[in-house]
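Engineer: The residues making up each chain are set out below.
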Amino acid sequence: MVPITLTVNGVKHALEVEPRWLLADVLRDELHLTGTHLGCEQGVCGACTVLLDGRPARSCLTLAVTASGCEITTVEGLAKDGVLHPVQEAFWQEHALQCGFCTPGFLMTAAHFLENNPNPTRSAIREALSGNLCRCTGYQHIVNAVERAATIIREGDSHAISQD
Amino acid sequence: MKPPAFQYYQPHTLDEALQLLSEHGDAKILAGGQSLIPMMNMRLAHPDVLIDINGLTELTHIKETDQGLAIGALVRHYQLEQHPLIQRKVPLVAEAEHLIGHPAIRSRGTIGGSLSHADPAAELPVLATLFDWELVVSSAAAERTIPAREFFLSYFITALAPDEMVTGVRTPSHAHAGAHITEYAVRAGDFALAIAAASIVLNASDTIQSARIALGGVADIPWRDPDFEASLQGQSPSPSLWREVGQHIKEAIDPTDDLHASADYRRQLAQTLVEKALAGALERAKLAEMKGRQA
Amino acid sequence: MAIQERSWIGRPVPRTEDRALVQGLGQYVSDINFEGQWVMALVRSPHAHARIARINTEAAKKLPGVHAVITSQEWENLRRPLPGMAPIAPPALAHDRVYYVGEPVAAILADNRYVAEDAAELVEVHYEPLPALSNAEEAAQDQEILHPSLGTNVVDRVQYESGAGRGALAAADHVVTATLRLGRVSAQPMEPRGIAAHYDPQNQTLLVYHATQSVHRAQERIAEYLGMEKSQVRVIAPEVGGGFGVKNGTYPEEALVTYCAVHFQRPIKWAGDRFEEFLSTYQEREQIHHVELGINRDGTLVALVDTYYQDNGAYPGGGMIVSRTTARNLPGPYRIPHLAINGAAVLTNKVPQAPYRGAGRPQGHYIIERMLDRAAEELGMDRIEIRRKNLVRPDELPYRTGIPDAMYDSGDFPQAFQDLLEAIDLSAFRKRQAAARQDGIRLGLGVANYVEVSAGFGFEGVRLRLLEDGQVLLSTGATGQGQGHRTALAQIAADTLQLPLDRITVVEGDTDQIQKGIGTFGSRTMIMAGNAARVAGEGFIAKAKDWAARALEAHVDDIIFQDGRFSVQGVPSVSLDWAELARKIAPSGEMLIHEDYFGSGTPTYGFGSHGMIVRVDERTADIRIERYVIVHDGGTIVNPLLANGQVIGGTVQGLGSALYEEMIYSEDGQPLTTSFLDYRLPGAVESPDIEIHHRDYPAPSNPAGYKGVGEAGIIPSQAIVLSAVEDAFQDRGLKLDFAPVTPGRLFQALEEKGGFQ
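Those sequence lines, one after another, are chains A, B and Z.
Plus 121 on top of the position in the first sequence (first one is 1) and you've got our numbering.
Plus 2 on top of the position in the second sequence (first one is 1) and you've got our numbering.
Plus 95 on top of the position in the third sequence (first one is 1) and you've got our numbering.
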């Protein structure tokens with residue numbers, strides 16, 4: 122076991138881990154943040170995507186020891202003070218999820234994408250989401266949701282919409 | 003799908019890493035982990051020792067040199083995609099990055115890792131071959147450089163000795179040439195069935211001063227034939243020349259059948275992509291030449 | 096409390112379940128951990144067919160963190176056949192023979208999955224490989240019989256004949272023949288299968304968290320296997336991350352986890368991973384059809400004769416349903432007076448088949464739609480025309496297809512097809528197609544019509560309970576996997592009970608919450624549980640009136656229920672709403688509960704037409720979807736947002752099995768596509784935006800008029816893609832006879848027509 126520190130959703134954690142433990146497993150089993158899902162453990166499906174120092178990364182392909190000292194954001198860290206993040210709000214309103222298993226990965230990918238692409242085209246959105254697999258929705262409503270989230274962010278009225 | 007246990011080291015300096023590598027002949031270097039960790043999760047790789055080099059800040063540089071650029075092995079794909087020096091000096095590298103995996107893969111994967119993995123169907127080995135990159139390779143005892151065309155030996159096999167690792171890449175600038183890369187992948191971000199990259203420098207008379215062509219996915223290493231390239235010198239570029247080149251390459255390569263593409267299909271893809279890459283390179287070569295004349 | 100002004104039915108309400116899910120707060124089986132649990136990993140057969148000589152578990156047992164290594168060599172109890180799979184069922188763990196790559200041979204119980212997988216690598220199994228059967232048509236010859244007790248590899252035959260059967264071919268002007276194939280596909284829900292069980296020795300009860308589509312069927316199987324009473328076993332389906340049919344059957348892991356939980360009196364959890372999902376979760380679609388279609392010169396269909404073989408894998412799974420449903424779907428929405436269908440489900444050394452979304456519907460439609468294209472070519476007739484000519488007309492409804500008990504009852508098939516063609520603007524497309532071809536661009540149009548036969552057996556129930564705060568708790572045995580039942584059923588109940596949506600909480604998939612249930616599969620839940628919600632609601636109101644009568648000191652016959660309030664006839668000023676009624680009931684210590692069931696033996700018949708335009712690159716064999724249009728009948732739609740989600744999701748899933756997805760096996764039965772890299776699900780870039788035009792005809796066979804919508808999208812997808820790609824190369828006479836048409840396959844087919852020109 123080796124000591125590491127992880128700052129997850131703004132909270133610093135000191136942990137003892139086996140070097141082989143995947144970041145996803147440490148988030149899920151040690152920190153009980155089970156919103157990060159394991160879909161393939163091979164880096165293809167994107168369900169385990171988290172933000173690692175602000176960039177999307179596969180937590181199934183990252184050892185927790187490697188991530189020691191890093192800032193990590195998981196799906197549990199998207200909403201602030203009970204107010205949903207615009208991508209969360211938009212996924213909900215646009216019916217962009219069915220079983221919900223892939224959703225956290227899509228949300229993390231989309232949230233990061235919109236930070237740098239405030240007014241994306243549908244094809245740019247599809248491109249940005251190409252590393253996340255969904256088996257339920259056929260993606261169309263997800264693309265709708267990312268478009269809607271972009272609008273919410275641009276118009277800066279996420280708070281007005283979120284408080285229902 | 004959980005990785006097997008290993009002895010883990012997290013060196014803080016390159017010297018320390020190389021020392022560890024010399025002590026553990028069976029060690030694996032962990033950089034971005036985007037190829038190694040999946041292999042371990044599937045238990046197709048059982049390294050006894052893992053040397054995690056993610057902390058080696060001395061391998062994260064992108065620097066201008068007399069010849070071109072020096073790029074540290076730990077530079078990640080997204081940095082290659084976005085860094086101004088890369089965009090200016092080796093623009094095709096930045097462009098090729100869009101074809102590599104997905105945003106989350108590009109966040110972590112590194113140039114050194116991609117080259118060391120030596121997948122002949124990956125983009126960076128093709129570019130390394132096209133532009134004759136030199137790989138800087140270090141062991142505790144010495145540092146040497148290996149030209150890309152001598153580095154890749156076969157599928158996933160390189161000229162690295164067990165105690166050596168890639169620490170960086172030296173790449174000549176190709177900003178003066180027109181270059182293009184194109185590939186065919188079934189889905190966005192998939193491993194390509196075939197890749198073609200080309201680079202053209204024109205003479206003032208608009209004939210070909212030099213042309214280079216490299217392919218991925220059609221052999222056990224990235225494919226290139228400098229003798230054939232030499233035969234293009236002095237010729238006038240045209241769609242019909244590109245068709246001849248495509249036809250030649252289709253016959254020159256010797257791809258194998260696999261699950262997703264037959265050898266014949268790969269030949270046709272190679273032919274098609276080479277024509278496209280050359281046409282794209284020519285467009286840019288004309289622009290480069292015009293700029294050169296203006297300057 | 097505001098009373099809604101209009102019906103909740105038909106409103107695109109965002110789902111009540113999503114607030115938690117978008118925050119990562121959904122609890123799936125893999126998220127549930129019991130104190131002191133052991134986790135399970137399995138040693139699976141690497142051989143498609145082999146004798147097990149011996150197993151050495153010593154090294155694995157010695158590994159620290161390992162609690163048990165279980166084989167059926169040592170544990171004879173685990174050799175018993177699993178329940179719920181006839182006529183032949185596998186044991187929980189193979190003991191003398193393995194029949195497919197992925198079959199469980201040993202189970203490891205350990206502290207965590209890392210250690211369990213370490214131990215699995217240490218188990219030495221000595222196999223003596225046997226020749227494997229990997230071709231269903233050959234296996235049907237019974238040269239070698241996999242399970243001698245059955246006496247044959249043909250585990251099921253389906254035979255239907257109508258009219259003059261095969262004899263009618265002689266009277267047709269033309270007989271078009273073809274051999275058509277469908278590749279094997281895998282459902283691959285994003286959440287792999289999983290199950291966790293906790294035994295309480297004091298009360299002798301077993302609590303099971305199960306990623307299943309049917310908690311009651313699982314409860315029955317588990318109780319039977321463990322020799323317990325059903326009342327001792329509680330099965331809960333927490334969030335289930337997609338099912339698509341494959342989380343509905345008998346699996347060895349269910350038996351192993353529950354058996355070990357009782358035996359060791361320890362919580363046991365198995366959270367399957369993606370590799371296991373490829374190796375052990377049941378697969379589907381693989382069939383080969385030899386078809387003869389009799390047709391008259393004017394395009395009138397005369398007779399369909401089809402002999403087919405379904406590669407059912409090593410055990411029945413639920414594959415017989417697939418084979419039978421295939422037969423029933425062969426006529427599609429077309430008038431075919433004479434049928435002769437002869438199908439065989441054949442055992443081979445592959446993963447067993449079980450229903451996957453569509454479950455025979457796509458196969459049946461693939462055959463008839465492909466044959467119509469072939470017939471049109473043979474007659475020199477337009478592909479559109481031949482369909483128009485043979486679609487069942489509304490004046491023919493109710494229409495018997497010739498398959499026993501199949502009677503189309505509603506809608507207007509030709510009008511839907513016409514609406515589709517208008518939406519696509521057929522003549523404009525043909526012009527664009529011709530112009531594009533001049534520029535070397537190949538566009539193709541595919542069309543297909545379908546009937547979605549849903550439900551038609553059994554029942555489903557709903558239990559309503561008034562909580563003390565006036566909320567209503569609705570429980571059902573229909574166990575969703577993302578369909579949005581918690582919202583849709585609440586909408587139905589809200590209408591009946593005249594309550595706002597947020598006053599109704601739906602619990603699906605808990606055997607403690609309702610006594611009986613069948614589950615969610617085959618697009619049946621709105622039809623069954625939806626109607627049950629109405630029926631139960633009415634009974635609930637009747638019981639509530641009793642309470643209201645007492646509270647208002649009136650005779651129950653004088654109580655009226657209006658606008659969500661109970662009052663005495665003629666005295667509207669004194670009334671109780673549900674919350675007030677709940678407060679009146681509370682002191683009695685009694686509860687207002689009503690449970691009711693809806694059953695029907697008549698299926699619903701949704702229908703529709705799909706059209707797609709593809710752009711094909713002749714040189715790379717790349718196929719891109721430019722446009723996809725659907726005209727869709729879903730009966731009475733409860734929530735259009737959810738219905739469209741089902742249709743779009745199903746369509747894209749179908750496009751996967753038409754363009755990319757195939758479980759490829761080597762001749763010796765080795766699966767070669769066991770990861771998401773090799774088995775390619777469609778991604779966001781490949782998937783089209785889909786236009787849906789609703790033409791909704793309420794089902795005449797149930798009170799609310801609901802029809803199935805879950806499979807509508809996937810039914811025509813393979814047929815339509817092949818049709819579209821062929822259309823792009825109509826001048827070259829391209830013929831496709833295998834789904835999926837991957838780029839590699841299209842290249843090959845084009846090579847046979849002379850290759851790139």
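If you are wondering where the hints come from, they were derived from the structure by calculation, not from laboratory data.
Incorrect hints may have been included.
To be verified - Partial selection, computed: residues in chain B whose CB lies under 7 Å from chain A: (1) M3; (2) P40; (3) A106; (4) S109; (5) R110; (6) A190; (7) S264.
To be verified - Covered, in the sense of this in silico footprint (three residues per stretch, anywhere, with C-beta under 8 Å from a C-beta of chain Z), are these stretches of chain A: (8) 134-144; (9) 149-161; (10) 171-180; (11) 196-209; (12) 261-270.
What the hints assert, rightly or not - 20 Å max Cα-Cα, derived EDC-like pairs, lysine to aspartate or glutamate: (13) B:K252 - Z:D717; (14) B:K252 - Z:E846; (15) B:K252 - Z:D712; (16) B:K30 - A:E139.
These figures come from a predicted structure and were not determined experimentally.
C-beta: ideal position from N, C-alpha, C; glycine also.
Engineer: Provide an ascending list of the numbers of those earlier hints which the structure does not satisfy.
Structural biologist: 7, 10
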